[in-house]
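S.K.: The lines below spell out each chain.
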Amino acid sequence: MREVAIDVPVEPPKELESLFLPVPKEYVEEAYKKDEFLVLVGPQHSGSGHMRLIVRVKGDVIQEVIPDPGYVHRAIEKLAENRLYIQNIPLVERPAIMDSANLNLGYVRAIEDAMEIEVPDRAKYLRTILAELCRIGTHLYDAAILSVFLGHTTGFMYPFGIRELICEALVKMTGARFTSSFIIPGGVRRDVEKETLAWIYSATFAIERRLKSFERIFIKNPTVIARLKEVGVLSKKEAIEFGVVGPFLRASGVEYDARKVEPYEAYDRVDWDIVVADEGDSYSRLLVRANEIGQSLKIIRQCITDIPEGKVISDQICEGNDIRGEFFDKLADIVLPTGEYTTITEAGRGSVIFTIVSDGESNVPYRLRIVTPGWLYLRGFVESLKGERLADLQAIYGSFGYFPPEADR
Amino acid sequence: MEMLDALMQIFKSNMLEIPAIQPIVDPLMQIPWLNLLVALLLWRPFFAIVVMPGLLVLMICLLYIIWFERKLTARIQWRVGPLEVFRPLRGAIQALADGLRYFFQESIVHKEAHRPYFVQLPILAFIPVLLPIAFIPAGNVVGIKTPYAIPLIVAFLSLIPITVVAIGWASNSRFAFIGSVREALMYVAYEIPFIIAVISMIYLYGSADPYVAVEKQSIPGALLNPVAFLVFIISMLMATSRLPFEIPEADQEIAFGPFVEYSGMLFGLVMVLAYEKLYIMSLLFTILFLGGWSGPQLAILGDLNAPLWLVIKTLIVISVLVIVRSMYARFRIDQALRIGFSWLLAFAIIALAIGVVLGYEGGI
Amino acid sequence: MRAEFKVGKLDMLRMHIDVIREAFKQVIVPDRITVEYPRERKKYPANFRGLIFCDRDKCISCFRCAHVCPANAIQIYFYEKAWPGIDYTKCIFCHFCVDSCPTGALRPTKIHDMAFATMEEMKLKATQTIKPPEVFREDLLVVEYQVDEKGWKLVRKKERDELIVEVLPPRIRRKISTCVDPESCLGCKLCVELCPSNAIAVDRKVNKLKILSEKCTGCGICVRNCPMKVLELKEVK
Amino acid sequence: MDEFVKFINSGVLAPFKRWGTKWSLWPVHLVTACCGAEFAHAFACGYDGERIGALSYGIARQTNLIIVEGAITRKMAKVLRITWEQMPDPKFVIVMGACGLNGGIFWNGYNLVKPSEVVPVDFFIPGCPPTPEALLRGIRQLQKKLETGDAESSADFYDLKLKKGKLPKFLPKSPKKISVNPCIVIDRRREVDWETGKKLLESFKVLKVENMVITAKNRIALRVSADRIREVASELRKMGFDHVKSVNVIDLPAEGKFIVEYHISSYSIREFMPVILNLFAEIPRAKPEVDSLSDIFPSADYMEREMQDLFGVVFRGNPWKGKFLLAPDTPENPLRKDFKLQEEVYVGD
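Protein chains in written order, with the working numbering: chain C, 1 to 409; chain P, 1001 to 1364; chain Y, 2001 to 2237; chain U, 3001 to 3349.
Extracted from the complex, chain C is given alone in its bound form (with noise of 0.2 Å):
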């Protein structure tokens, strides 16, 4: 028990009304008139992320939910203005650190749209391949935070666990876990060797063998159905709608996928299905992305057979093969002609879009506009909750897989 005297800026507020803050006295006062009261979800709290969601219940009945996000937001969009395109890539990534490939593509995209860079295939292959991974680890991340949200620790730890063999395959092609910050204009970092691919590629039989474990204990388990089967309704109609994105637009039933819709990388090339479903519910959302993983197997796998020899990166940007040591000198300066570009790329959680507008001049974007699948589909998140029950938040929250720092920024 020492002493603690320190002093903070930011003082903990004296009266508790102004944690009350997105939601006026008068609603409060209404809400107790009408015998409902109001439940405060997070931002500590074991069942929900870095927001605050504010639930008026009657009874165990979700009458409406009020998002408190912004608890995550990092002012991204007005970081990217003040720094050079090549210093952005990091910063574009860090919304979903478990997605990162998947974001860095979409802005890296947009410069390349603009620049008019012509990929070399190879280059086109491994960022597939990098892009599949992140999608993976994404779905397996948001399926173990379902899990525990669903007081199920072995489905929590069931995804973590295969997800270190995706942060070992990101390692050994990028040298970092998460971040892995390996796409750049033009190409990749560097050339990805034969052995750490065949690694990978026996990688995805291992995770295969591993999933059925997972969907033996988790996704077929009988109460986990009981828990997620007609919760959280999302009609196709509701779904357009609130424009949710990704997976969870998928699971209502609309066939729509970037990947399909205006296919990058190496997509086109490359054998898989758009994966759907008709119900809406939690179940199937989860369904969905289960099998979204299985597809993402099989594009690894025909990547990686597939891939050819060649060149990383362009010739536009560096003539050899390796920008180590050149990479300030090739990259610092790049200036976009004048003009907006708009890259759609999907990520692990649905489409995130990456708006660059330049000026023409400077080395710096004069904007730069992320919209991650977070903040798309947050307004459907929220509207299904509407008529479900108390418990229920938790298991629609996680069939969602809502992460606050990707949707705040």
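What the hints contain is simulated information worked out from the structure, not anything from laboratory work. These numbers were taken from a predicted model, which means no experiment stands behind them. Check each hint, because a few of them may be wrong.
Just some of the chain P residues that point at chain U, by a computed CB distance under 8 Å [as the list claims (entries may be wrong)]:
1. R1079
2. L1100
3. R1101
A virtual CB, placed ideally from N, CA and C, is assigned to each residue, including glycine.
The hints should help you fit chains P, Y and U onto chain C, whose structure is shown.
M.R.: Below, chains P, Y and U alone, put in the same frame as chain C:
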């Protein structure tokens, strides 16, 4: 002095006979004063309540259950579990470290809590949890011998949820309130099938006396009335709020429900409440369904055979129960209530029918 | 492809059995994958992005690392020569600086497990970056993941992993600065002032640059700062 | 009471207390940012923090360790402080990740607070994110501190004693080139081979927009005047463009205007799925008001609120008032160009 002699006589008249430790006990009994202590310790009622299957074993059991639960869960979850705290014993004293930490941690009573009740209730809750120990017999080692032991144990067990609800009320917090309501609802859902299952076994044995129950189990009760066995297990899971019925204190939903505001030693107390309840219920379960203290006798252990068998069987029951935790997700409250009121109740009535039929004319 | 899963009553029972079977299988033969960290250490590949140190002799004070750092964690400190100090309270281990270093002076290591009691000691001055730190280690074993078609195993070896790796330096090309368009030169002498190795002189009579190739380190500061962009780095043998 | 506390801390029982606390450091579930992923890895089966006695647990009251996982924003700082105050003594704080130490990559962001200014911190772990090993190292160091009483860093840097050199008169300028008079053209025409686009442009003629241009394959920019934006949007809605992918505001202080953009696309018509329409209007900077589209496209609602926060552009008709994403004490309209961030420093002293 005379009073001491009288006491000594009482103790001696009802002393445990354990051939294995007799060579140690005999010389000790010659020493004045110390002999009184040894006699007290070996006095059957005292031994039953304080040592075995009472408080001491309960404590060891608690440490064991918590460690075993964590270790087994870890094993299923591809990991190791508590280890580094004491490597030679594979981290077996982890629960001790946690207990010590809780013991020395600050106990916060927050501003809005009902202060006296908030502090007293966790201690009060121990009365219904610990009282049944006095009535649980292990062979001829028993605290209070009564033919109505089984109904009494059930009656005391039914008091525990009331203290939990009161704890939630005294905490005066939103999640604690929701947790209390859930506890109350769950209580109704499991208590009726649970009591019916016990009654069916009483019918079956023709007596509420544990001695009769154990005597009549030449075939274990689990085989005689498997339906009651099932109902008992499920309601035991519900009563001790273990997954998949960990609803009143659902960590991720309502943040440990009634216990959300407790900290330090008080939390240590409320946390072990469920485990103690589990221990008592498992003892009852062993007596009713697994033949109680009957088992191969070792002559050298004498009277100790019975409690030893009882505890061993109980530990096996608990060990099997903890595995459920790592297999199932948590049900929702309405689903659990539906299970309690429909399936469980139906099965309980079937069990009662089986009990009545088999136990026709004064038991099997 | 449709993700569907229809369940009947009998399937429920089968699924219950599956769950129980899986759990008991793990109890009997656990698929354990834990790396017991303080005692063991996972072997990371040589390209792992860990702590960075600076080979002072190779450094040409070119400011590339400081300029490329996305977190502004690198500052150049001036002593008898100038080389970078790294602020680990900001460093994000992206190794853009290592990739930018034209001479291979910045060297990566595999050191990544550190905890500090204060933030001050993490802000490294240039004098502290010239050697990798002494790290407190408790590890006795090295673990590697082995995967094949059959599954995933942990292979343990009794050895200590060497954390300071000799990463092959990239192709180092010696470059020197040259004036490609002397007509456009304003003669502002900014390059002369900037040059850290005093390799540029101005011929007063013709107002022309003279770059001493033996002194020029090829740092490129003059090239990047020239207002008229008349300078260029040229490769020499 | 003080004597009692003193006795517990230094009396006969103190070793037991220290031992118990050492092997039972339970971190509270306070996920603050993305380092939470590595935190989870450290406590999942790959590294298993429970091995060394640390069990991740739900509620502040029952734990004794906060692991600050990365960036602490202004909103979260309050929560961190409240959580810390809820915890019973003895309690400890470990900060992991560069963002939590000194801001890391977000060092000059407007919404970041240093955790070390909010709560007393025992150990700092560098990395972005730190590996699970690094986090476990932090817990080990804390255990060591509990055992021996003094905090020790796990790495020792060599220090060369050198005399300070003289700073040169001129220092290299920053690599950033920022245009003084930026010229922004949203609808720059690009020649692409795109049949559907040409057809679409034909069909958009009925909208009577000011300008429509194919800016790239699958991208069309539609310029409208600010007062017609609702009209055009509802027409587009009828044509099958059913959701908004992004709402964007571009600040042009030199020209005294904001550009408000809606990126509209379709999920219901397969042919239009890849198409992203950029519907944009210019509004004066002095009176930044524009009609909200949130009733036509409910998907635009939250993004309009966000833009309201970040730029101070008022969307008439959006029911939300007040801050949505930002904390009350964040600077006003931080994404406007006149809000300047701290500049980088390249030379150490």
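S.K.: All hints are to be evaluated individually against the structure, with a verdict given for each.
M.R.: Hint check:
{"no.": "1", "hint": "R1079", "in the structure": "holds (4 Å)"}
{"no.": "2", "hint": "L1100", "in the structure": "holds (3 Å)"}
{"no.": "3", "hint": "R1101", "in the structure": "holds (4 Å)"}
Checked against the numbered hints given earlier, the structure satisfies every one of them.
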